[in-house]
Each structure stands twice: as C-alpha cells, then as structure tokens.
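Colleague: Full structure from sequences and hints, please.
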Amino acid sequence: MGRRLDVLYFDTTYYPVAAFSCAFFLYLYRYVSPKISTKLCPKYSLLSDMEQVDWNNRINSTVHSVIVSCMCAYTMVYDDEIAEDPIWQDSPLVRTSCAIVAGYMTSDVIIMTIHYKQIGEMFYVLHHGASIYAYYYVMTYGVLPYFANYRLVAEFSTPFVNQRWFLSQLGYEKTNFVFVSNGVAMAVTFFVVRIAVMPSYWHRVYKVYNTPAFNRLGYIQLCLIIPCLILDIINIYWFYKICIGAYKICCLFFEKERLEGKSQPGFKSSSPNDTISKTSLVPNHSECHKHID
Numbered sequence: 001m002g003r004r005l006d007v008l009y010f011d012t013t014y015y016p017v018a019a020f021s022c023a024f025f026l027y028l029y030r031y032v033s034p035k036i037s038t039k040l041c042p043k044y045s046l047l048s049d050m051e052q053v054d055w056n057n058r059i060n061s062t063v064h065s066v067i068v069s070c071m072c073a074y075t076m077v078y079d080d081e082i083a084e085d086p087i088w089q090d091s092p093l094v095r096t097s098c099a100i101v102a103g104y105m106t107s108d109v110i111i112m113t114i115h116y117k118q119i120g121e122m123f124y125v126l127h128h129g130a131s132i133y134a135y136y137y138v139m140t141y142g143v144l145p146y147f148a149n150y151r152l153v154a155e156f157s158t159p160f161v162n163q164r165w166f167l168s169q170l171g172y173e174k175t176n177f178v179f180v181s182n183g184v185a186m187a188v189t190f191f192v193v194r195i196a197v198m199p200s201y202w203h204r205v206y207k208v209y210n211t212p213a214f215n216r217l218g219y220i221q222l223c224l225i226i227p228c229l230i231l232d233i234i235n236i237y238w239f240y241k242i243c244i245g246a247y248k249i250c251c252l253f254f255e256k257e258r259l260e261g262k263s264q265p266g267f268k269s270s271s272p273n274d275t276i277s278k279t280s281l282v283p284n285h286s287e288c289h290k291h292i293d
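Under the UniProt record's numbering, the first residue of the sequence shown is numbered 1, with each subsequent residue one higher.
For the record, the hints were derived by calculation from the structure and aren't laboratory data. Careful: at least some of the hints might be erroneous.
What the hints assert, rightly or not - Here are the simulated lysine to aspartate or glutamate pairs, DMTMM-like style, with alpha carbons at most 20 Å apart:
| id | residue 1 | residue 2 |
| --- | --- | --- |
| 1 | K207 | D80 |
| 2 | K207 | E84 |
| 3 | K248 | E173 |
| 4 | K241 | E121 |
| 5 | K256 | E173 |
| 6 | K207 | D85 |
| 7 | K39 | E51 |
| 8 | K248 | E260 |
| 9 | K35 | D11 |
| 10 | K207 | E81 |
| 11 | K117 | E51 |
| 12 | K43 | E173 |
| 13 | K241 | E257 |
| 14 | K248 | D232 |
| 15 | K117 | D49 |
Claimed, not checked - Computed spacing ranges between beta-carbons, pair by pair:
| id | residue 1 | residue 2 | range |
| --- | --- | --- | --- |
| 16 | P92 | F177 | 39 to 47 Å |
| 17 | L40 | A213 | 45 to 53 Å |
| 18 | K43 | Y247 | 48 to 56 Å |
The C-beta atom is built at its ideal place from N, Cα and C for all residues, glycine as well.
Modeller: Put into structure tokens, the structure is as follows:
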C-alpha cells in the first residue's frame with residue numbers, strides 16, 4: 001500500500017491533515033456537540049457547566065476513537081507490507097491516522113488547558129504528551145508504521161470508557177444491567193487492547209532492536225521505547241482502578257439480585273434494612289478519562 005523508505009527525510013505532507021483534525025475537533029467541541037446534545041438529550045441542559053465541558057470533550061473523544069479504530073482495523077486486515085517491514089515500509093493510511101491523532105490530541109490539550117480545573121489530570125497530560133511525541137515522527141518521517149498502528153489498537157476501548165460516564169450522567173443506577181454490561185465490556189476490551197497486547201508489542205520491539213534497520217533510525221529509536229513505557233505504565237494503573245471498581249459493581253449487582261430473589265413469594269427477607277450502596281465502576285472517572293493511546 002506504500003513504498004519502502006531508504007532514508008529519513010522531513011516530510012510535511014500530512015501536516016494539513018493534523019491541522020484540519022485539530023480545527024475539526026475544536027469546532028465539534030465548541031459548536032456541534034452542544035447543539036446536537038441539547039436536541040437529542042434533554043438532560044444535557046440540566047448539567048452543570050463543568051459537566052457540560054466534560055460531556056462535550058467525551059463526544060470528541062468518542063468520535064475520534066471510532067474514526068481511528070476503523071482506520072487501524074482496516075490497516076491490520078489489508079496492509080501486510082508493514083508487518084513484513086515494520087520499520088521502513090511507508091504506509092499513507094497509518095501516517096494519516098497518526099496525523100488525525102496528533103491533531104485531536106492537540107485540540108484536547110487546548111481544551112484541557114482552558115478548563116484544567118474541570119477536566120485536567122496529570123496522567124492525561126503525560127498520556128497525550130507521549131502520544132504526540134511518538135506519532136509526530138511517524139507522521140513526519142513515515143517510519144515505524146507497524147508499531148504506530150499496533151499502539152492505535154488501544155482506541156477500541158475508549159467508547160466504553162466514555163459510555164460509562166454518559167450512563168452515569170443520564171441517571172442509570174450503578175447496578176442497572178445496561179450499566180453493568182457496559183462496565184464489563186469496558187474492562188474486557190481495556191484488558192485486551194491495552195494490557196494483553198503488551199508482551200507481543202515488546203517482543204516485536206526486541207526482535208528489531210539493534211538490527212541494521214533499527215540502528216539507521218538514529219534518535220527516532222526512542223519513539224519505540226520511552227513513550228510506550230510511559231503509556232503502558234499509565235494503562236496498567238488505569239486497569240488496576242477499573243478492576244477494583246468492576247469487582248465492587250459486580251458484588252453489588254449480584255447482591256441486589258439475591259435480595260430481589262428473597263423478596264419474591266416463598267422467601268423471607270433477612271432484614272428490612274438491607275440496602276444497596278452506590279459506587280462508581282471507576283472510583284475516579286477522571287483517572288481513566290478517554291484513552292489513551
């Protein structure tokens with residue numbers, strides 16, 4: 001789908017894509033999301049200013065993740081060349097994906113800077129900084145397309161993370177079947193696309209490390225290691241939070257089912273004061289904001 005690169009050269013071909021992506025998501029956040037959300041979801045108008053900022057930001061995140069996930073999946077299925085030469089095989093589609101990601105994350109940093117008190121999070125800043133650093137080199141020089149696309153798989157989990165927050169704002173009980181089902185899907189997809197892929201990724205890095213093709217990259221070699229280490233540490237931390245929350249929610253859900261069963265004819269309630277406490281699937285939803293990579 002692309003050509004094999006022989007040397008590194010500075011190429012700004014995909015910069016307009018990144019600029020358009022940034023402008024598009026800023027416009028979506030500022031104008032499109034508020035209007036559509038007001039018309040389609042009456043509860044949006046009842047949210048506080050801080051919650052509306054978070055809502056619109058998550059709309060951006062979801063749209064971005066869907067676009068990038070589709071491009072990533074297409075590349076994985078149809079572009080065999082980057083798997084054969086993961087370092088020097090140019091892939092226009094991967095570079096376009098990286099440009100979209102860089103533009104989106106730049107817009108997100110702008111939004112987060114303006115509303116840092118509402119949606120700011122240090123792990124999130126680190127996540128975006130590491131991602132922009134790595135994808136900038138792929139977008140500009142066209143190298144490492146296989147590894148870039150491999151990391152973009154993480155976007156498959158983002159819609160479930162955002163949906164959990166939307167359901168919470170719409171008033172769904174934490175023990176509601178829809179809420180629990182989305183939570184389980186979020187935990188499973190997060191594990192599959194962000195945690196389970198780590199050994200495979202680092203094994204592939206190990207295979208190319210110190211080869212002639214790898215050594216020709218010069219300082220760009222760092223893109224394979226430092227940003228990805230940062231992202232993996234953040235993802236492990238987020239997944240730890242998700243597991244704790246998922247365990248609590250599952251316990252509450254099954255306890256609720258047990259108590260409802262006892263309230264049926266033929267069962268005697270053990271206590272009139274039995275209650276189900278509420279908890280969050282992710283104890284601090286801002287720590288697992290959108291996603292990461």
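Colleague: Each of the hints needs a verdict: does it hold here or not?
Modeller: Quick rundown of the hints versus the structure:
{"no.": "1", "hint": "K207 <-> D80", "result": "18 Å, holds"}
{"no.": "2", "hint": "K207 <-> E84", "result": "13 Å, holds"}
{"no.": "3", "hint": "K248 <-> E173", "result": "14 Å, holds"}
{"no.": "4", "hint": "K241 <-> E121", "result": "15 Å, holds"}
{"no.": "5", "hint": "K256 <-> E173", "result": "12 Å, holds"}
{"no.": "6", "hint": "K207 <-> D85", "result": "12 Å, holds"}
{"no.": "7", "hint": "K39 <-> E51", "result": "17 Å, holds"}
{"no.": "8", "hint": "K248 <-> E260", "result": "18 Å, holds"}
{"no.": "9", "hint": "K35 <-> D11", "result": "38 Å, violated"}
{"no.": "10", "hint": "K207 <-> E81", "result": "17 Å, holds"}
{"no.": "11", "hint": "K117 <-> E51", "result": "12 Å, holds"}
{"no.": "12", "hint": "K43 <-> E173", "result": "16 Å, holds"}
{"no.": "13", "hint": "K241 <-> E257", "result": "25 Å, violated"}
{"no.": "14", "hint": "K248 <-> D232", "result": "24 Å, violated"}
{"no.": "15", "hint": "K117 <-> D49", "result": "12 Å, holds"}
{"no.": "16", "hint": "P92 <-> F177: 39 to 47 Å", "result": "44 Å, holds"}
{"no.": "17", "hint": "L40 <-> A213: 45 to 53 Å", "result": "50 Å, holds"}
{"no.": "18", "hint": "K43 <-> Y247: 48 to 56 Å", "result": "29 Å, violated"}
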